[in-house]
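Engineer: With chain G fixed as given, assemble chain R onto it according to the hints.
In order, the protein sequence lines correspond to chains G and R. Counting in our numbering, the first sequence runs from 53 upward without gaps. Counting in our numbering, the second sequence runs from 53 upward without gaps.
Read the hints as simulated data drawn from the structure, not as lab findings. Worth double-checking, as some hints may not be accurate.
As the list makes no split between identical chains, a pair holds if one copy fits it or if it spans any two.
Result set (SDA-like, lysine to any residue): computed pairs, CA atoms no more than 25 Å apart in a straight line [as the list claims (entries may be wrong)]: (1) K294 - L234; (2) K294 - W205; (3) K294 - F110; (4) K294 - V235; (5) K251 - A217; (6) K153 - V83; (7) K153 - V80; (8) K251 - E266; (9) K294 - R230; (10) K153 - S218; (11) K251 - R107; (12) K149 - S77; (13) K153 - R290; (14) K149 - T115; (15) K153 - W192; (16) K294 - H229; (17) K149 - E266; (18) K153 - G208; (19) K294 - V148; (20) K251 - C272; (21) K251 - L195.
In case you want the letters, here they are:
Protein chains: 2
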Amino acid sequence: MEPGHKPLVDDDGIGAGYSYPRTPSMNVLLVLLGVIEALGVAAIAMVCYWTAHYRGGFAWDGTGQEFNWHPVFMVVGMVFLYGNAILTYRVFRDQVKLGVKILHTVLQIAALIFSIVALVATFDFHNANGIANMYSLHSWVGLIVVILFALQWVLGMSTYLLPFASRWIRTLFMPYHRFFGLVIFAMSIATCLMGLTEKLLFTINDTYSSFAPEGILVNCLGLTLVLFGGFVGYIATREDWKRQPLPEEQPINMSIE
Amino acid sequence: MEPGHKPLVDDDGIGAGYSYPRTPSMNVLLVLLGVIEALGVAAIAMVCYWTAHYRGGFAWDGTGQEFNWHPVFMVVGMVFLYGNAILTYRVFRDQVKLGVKILHTVLQIAALIFSIVALVATFDFHNANGIANMYSLHSWVGLIVVILFALQWVLGMSTYLLPFASRWIRTLFMPYHRFFGLVIFAMSIATCLMGLTEKLLFTINDTYSSFAPEGILVNCLGLTLVLFGGFVGYIATREDWKRQPLPEEQPINMSIE
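In isolation and in its complexed conformation, chain G is listed as follows (with noise of 0.2 Å):
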């Protein structure tokens, strides 16, 4: 927290506009922001690519090419969407908050959106193929991770962006919002991990162990989703990071001050 700088709180307990001079730490905050996209559009290059190149591309039509939309939605939308829409507050400081929000909530409902197409890939394909279906634990995690998204992602929208809710149900929701927002981010890229280890295994099992391209390939896509999140995570977290009131935001009894 800079010193001297008391940061404003409006319903939703948190910052609702951005009134900072740029500073050296919103230079780095740029900076990493930066990085965070390379990051992003990396991952998603190299899931494409290990797909298509390594696994015979894409169709829907019960055979792997359909569950290859798989690992490819799962990292755009788990991934990629999921940890820009946490990012918004940060990226949009200074823009309006009720246009945040809702760039926020669009976001997130693309990230459910690509995850559920991901997870109707592999049921189809698994039913196509006669492959049992939810007995690993990646399953197990990773149907956990949606639920919770779904929820959260409905609790979300109906306290913060529906007009019902009252001041204080916000306030008192936020903390939790927040907290298991990064938790279902963690656990959707561990899930990730888990996914990327299992198809390895049942695909390259004989050649994995000797280095081969794919394997590594793979393994450096793993490595960057877990990098992309460690990223995410500290800005979502930095508190002098957070967003603070616009001047027109703040509410009439603190202007008062």
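Structural biologist: Chain R alone, transformed into the frame defined by chain G:
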């Protein structure tokens, strides 16, 4: 943050003692601590039962029985002891700070020693059986976790336990010490989940998908680790459970106020 209570920080940038009366929120903390210890003990019991009953027990002879120390010691060290080390400042709120610091350090070095022995068991087993080292995503992320943990341990001890670091360095470094502490903890749980997935696919690939009891046991172990990590993360980050200075630990200039 309880309204009207202004937390005092000392030269570590964290609360230095506990001067709260027991509030309802403190009782919730105690209940959660009980749940965490129960989950931790359950995880250790499950990993021991798995390796002893299904995987042939323990030895130190280069066989799979030597490998079995790896999951057991990682769960004990990088999850149970590490998680409890994070919690020391919450559990022993009303104890003198130096004692809590020493306990935090002792638990972390115990965790580090367990994890190093666990690594040796794996490398020993691999080398004795002509299995390649360090090819899997589990091993890549896992080695990074242990290296980051060792670095964090050295930096933490030299900054906060030894008397050389100046007050502003202690204050400056504390948010990073906390953030990396939790990131390393989350990464170690994710590494466990990958390790469990790997071991099941190496051993019971044929029966895992027909819901073999061993697979269900290990899946439950994985979920227990996730729950343990989630609760530890919650207690460690909830603002109003941070340790507050004991009356005698408050700096003189603050007691004048």
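Engineer: All hints are to be evaluated individually against the structure, with a verdict given for each.
Structural biologist: Going through the hints against the structure:
1. K294 - L234: Both ways: K294 and L234 sit 15 Å apart in one copy and 19 Å across, limit 25 Å.
2. K294 - W205: This pair counts as within: shortest intra-copy Cα distance 21 Å, inter-copy 29 Å.
3. K294 - F110: Neither. Shortest intra-copy (41 Å) and inter-copy (50 Å) distances fail the 25 Å Cα cut-off.
4. K294 - V235: Both: 19 Å inside a copy, 19 Å across copies.
5. K251 - A217: So K251 and A217 fail the 25 Å test inside a copy (44 Å) and across (48 Å) alike.
6. K153 - V83: within (23 Å within a copy, 35 Å between copies)
7. K153 - V80: For K153 and V80, the Cα distance is within 25 Å only inside one copy (24 Å; across copies 32 Å).
8. K251 - E266: For K251 and E266, the Cα distance is within 25 Å both inside one copy (11 Å) and across copies (21 Å).
9. K294 - R230: both (12 Å within a copy, 18 Å between copies)
10. K153 - S218: within (17 Å within a copy, 42 Å between copies)
11. K251 - R107: both (10 Å within a copy, 24 Å between copies)
12. K149 - S77: Classified as within: same-chain Cα gap 22 Å, cross-chain 31 Å, threshold 25 Å.
13. K153 - R290: Both. Shortest intra-copy (20 Å) and inter-copy (24 Å) distances satisfy the 25 Å Cα cut-off.
14. K149 - T115: Neither way: K149 and T115 sit 45 Å apart in one copy and 60 Å across, limit 25 Å.
15. K153 - W192: neither (31 Å within a copy, 38 Å between copies)
16. K294 - H229: Both: 15 Å inside a copy, 19 Å across copies.
17. K149 - E266: neither (44 Å within a copy, 51 Å between copies)
18. K153 - G208: For K153 and G208, only the intra-copy Cα distance (10 Å) is at most 25 Å; the inter-copy one is 38 Å.
19. K294 - V148: Within one copy only: 15 Å inside a chain, 33 Å across chains, cut-off 25 Å.
20. K251 - C272: both (15 Å within a copy, 21 Å between copies)
21. K251 - L195: For K251 and L195, both the intra-copy (17 Å) and inter-copy (21 Å) Cα distances are at most 25 Å.
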